[in-house]
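Residue numbers for the sequence shown, in the working numbering: 1 to 595.
Worth flagging that the hints you see were computed from the coordinates, not collected in a lab. Check before you lean on any hint, since a few could be wrong.
[Said to hold, decoys possible] List of simulated lysine-lysine pairs, DSS-like, C-alpha gap at most 30 Å:
{"no.": "1", "residue 1": "K424", "residue 2": "K36"}
{"no.": "2", "residue 1": "K300", "residue 2": "K82"}
{"no.": "3", "residue 1": "K4", "residue 2": "K285"}
{"no.": "4", "residue 1": "K216", "residue 2": "K459"}
{"no.": "5", "residue 1": "K223", "residue 2": "K537"}
{"no.": "6", "residue 1": "K285", "residue 2": "K264"}
{"no.": "7", "residue 1": "K300", "residue 2": "K283"}
{"no.": "8", "residue 1": "K588", "residue 2": "K564"}
{"no.": "9", "residue 1": "K424", "residue 2": "K564"}
{"no.": "10", "residue 1": "K514", "residue 2": "K537"}
{"no.": "11", "residue 1": "K7", "residue 2": "K18"}
[As the list claims (entries may be wrong)] DEER-style ranges, computed between Cβ atoms:
{"no.": "12", "residue 1": "E457", "residue 2": "D328", "range": "14 to 22 Å"}
{"no.": "13", "residue 1": "A261", "residue 2": "R201", "range": "34 to 42 Å"}
{"no.": "14", "residue 1": "G471", "residue 2": "K231", "range": "47 to 55 Å"}
Cβ atoms here follow ideal geometry from the backbone N, Cα and C, with glycine treated the same way.
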Amino acid sequence: MALKDGKYEGTSHGFEGKTKVLVIVEGGLISGVEVKEINDTEAVSHNAVKMIPQRIIAAQTTDIDVVSGATESSQGLIEAAKNAMEKAGTIDSRNVREIKNTPSISEKRISNTADMYQEFDKEETTDLVIIGSGISGLSAAVQAGQDHINAVVLEKLSAAGGNGGGVEGQFALNSKRQQELGIKITPNEIMTAEHQMGQYRANGAIWLDLINSSAKNLVWCQKNGVEYSGKVDNYHTGLFNTFHWFKDRHASAGYVPQMVAKAKEYGVNFVFNTAAKHVLCDKGKVVGLIAETEDGKIIKYNTQAVVIASGGIGGNRSLIQKQGWNTDNMALTGMPSSVGDGYLMAQEVGAKDTMNESSQLIMNYVQAFPTTTPPLYMDPINGNRGFTTGGKILFVNEEGDRFFNENIAAFNLMLQSMAMKQNKANYVIFTRNIFMDFAKGKGLDNGTDILDTAVKENKGNTLYESDTIAGLAASFGLPAENLVKTVQHYNDLCKQGKDTDFNKDTEMLTAIEKGPFYIGRVDQDYLVGIGGIGTNKRFEVIDDEHNAIPGLYATGMDGVMLYKNVYTMNMPGTACGFSVHSGRHAVKNAEKYFK
Numbered sequence: 001m002a003l004k005d006g007k008y009e010g011t012s013h014g015f016e017g018k019t020k021v022l023v024i025v026e027g028g029l030i031s032g033v034e035v036k037e038i039n040d041t042e043a044v045s046h047n048a049v050k051m052i053p054q055r056i057i058a059a060q061t062t063d064i065d066v067v068s069g070a071t072e073s074s075q076g077l078i079e080a081a082k083n084a085m086e087k088a089g090t091i092d093s094r095n096v097r098e099i100k101n102t103p104s105i106s107e108k109r110i111s112n113t114a115d116m117y118q119e120f121d122k123e124e125t126t127d128l129v130i131i132g133s134g135i136s137g138l139s140a141a142v143q144a145g146q147d148h149i150n151a152v153v154l155e156k157l158s159a160a161g162g163n164g165g166g167v168e169g170q171f172a173l174n175s176k177r178q179q180e181l182g183i184k185i186t187p188n189e190i191m192t193a194e195h196q197m198g199q200y201r202a203n204g205a206i207w208l209d210l211i212n213s214s215a216k217n218l219v220w221c222q223k224n225g226v227e228y229s230g231k232v233d234n235y236h237t238g239l240f241n242t243f244h245w246f247k248d249r250h251a252s253a254g255y256v257p258q259m260v261a262k263a264k265e266y267g268v269n270f271v272f273n274t275a276a277k278h279v280l281c282d283k284g285k286v287v288g289l290i291a292e293t294e295d296g297k298i299i300k301y302n303t304q305a306v307v308i309a310s311g312g313i314g315g316n317r318s319l320i321q322k323q324g325w326n327t328d329n330m331a332l333t334g335m336p337s338s339v340g341d342g343y344l345m346a347q348e349v350g351a352k353d354t355m356n357e358s359s360q361l362i363m364n365y366v367q368a369f370p371t372t373t374p375p376l377y378m379d380p381i382n383g384n385r386g387f388t389t390g391g392k393i394l395f396v397n398e399e400g401d402r403f404f405n406e407n408i409a410a411f412n413l414m415l416q417s418m419a420m421k422q423n424k425a426n427y428v429i430f431t432r433n434i435f436m437d438f439a440k441g442k443g444l445d446n447g448t449d450i451l452d453t454a455v456k457e458n459k460g461n462t463l464y465e466s467d468t469i470a471g472l473a474a475s476f477g478l479p480a481e482n483l484v485k486t487v488q489h490y491n492d493l494c495k496q497g498k499d500t501d502f503n504k505d506t507e508m509l510t511a512i513e514k515g516p517f518y519i520g521r522v523d524q525d526y527l528v529g530i531g532g533i534g535t536n537k538r539f540e541v542i543d544d545e546h547n548a549i550p551g552l553y554a555t556g557m558d559g560v561m562l563y564k565n566v567y568t569m570n571m572p573g574t575a576c577g578f579s580v581h582s583g584r585h586a587v588k589n590a591e592k593y594f595k
């Protein structure tokens, strides 16, 4: 019997006191292990708290060794996790391999992870292993094939594409098509705007390298079969016309099949339904990789270099929580397979952990509103241009306070969710007329029925109607007096036609004064986690001292260092452009390393 999905708490006694652990099971597998309580001395338990959950997730069992120097703390955590898992059932034998003699971790580095396994079903030798076949993995594969590198692409799914299938276009500056369209933008304009938006926290050298290489990357893609529509624009609300749309508006039509075909033509070996598990290092250098097939067979690859291109953490709630998000009501609508495999593997071998400053592709939604066009982020009401994206509505937090410009998404689609991250809870307040205007603008003729049905069915207890603002406050237990005061002040700003608090666009200032009134709890829709593995401009994975781990590279959403905390989505196409760029040049830098 496999583990039953859910959250399970377990307790035990550690070094000095009670230990409590929460084990999260998704899809029959352990997706998260959270230490909820530990009373041991921090100096003693620190490494155990960091490493034991990672080991349990990686091994999918509590049959692991303790962390050196924290034996009793480790045992307490393991016993608590085991106690929790007993409530969930037993591990499906297809997903677990017997583990023995897990070496102790010293200074965040596993010396030889191969010792974890009793035997290998297969052993192969290759120059390069690429983990993942999304945008950056395919870019790496084609570059490797083009340069006659013996390369293997490991993909745990049955087909290529990953997160990249839904990507719509690619960044480039001063491309031939832009010149034909008369689009003139200087690198300085992009660099200045990006640095200012990012508060100068990102490495400008990495940005400049992407900017100056972007047109060449586009030409390289075209030479390898990638097809673009010919349309170049600012992707709805971007600052510059740098977005080169793929054929049929999706990489699944214009990029993925073409790059897979080209890589295979070059002789690159794709191995599907096979998941990378552990990077192997010897004396600090990459020497191999452990992978597991769908039917549980273990393969050891002897290799000089590994490129991590596994797509980020969008399907792993525990890692999303590590970014600081409340995931209780969060919808995960990206690739469910993007669970941080690459991040966890990199952490095992000492990679710098940049998860706390990584960024996200994330939106807002209200559960009670219907979703008529899956996936959620494409829905006209709950999608990325939906009702809670911003506009004439009013946002308040758990205190009943207004806290930012509700139309900030017109500048950067990611900013409204980032503002909400700081609150315990977030709510949208609006009138029937405001919703009707929105529905009409979306071509929805049945706006009244949509709203009334949503309130009546009230999925998740997230949407309420009242004739008074105080009545709205009562729906969620907000401070009624303060909420009434907030709405009155906002209405005064609307009447004067100028938002002197947050500078909301005048045309979006619409008073909340004619009932019935509505309040909805706003939750987040998480698509992709962007970053987490520390890298340098050569896409080498670095350790805490910023020294490269020889032979290890991270590309695309795993190792992107363009953004800090906030995804500057109003620089159109840069995430995809970086994925192409990093995949190509990680391989080129690996070639130099080989020599």
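- Unsatisfied constraints (hint numbers, rising): 3, 4, 10
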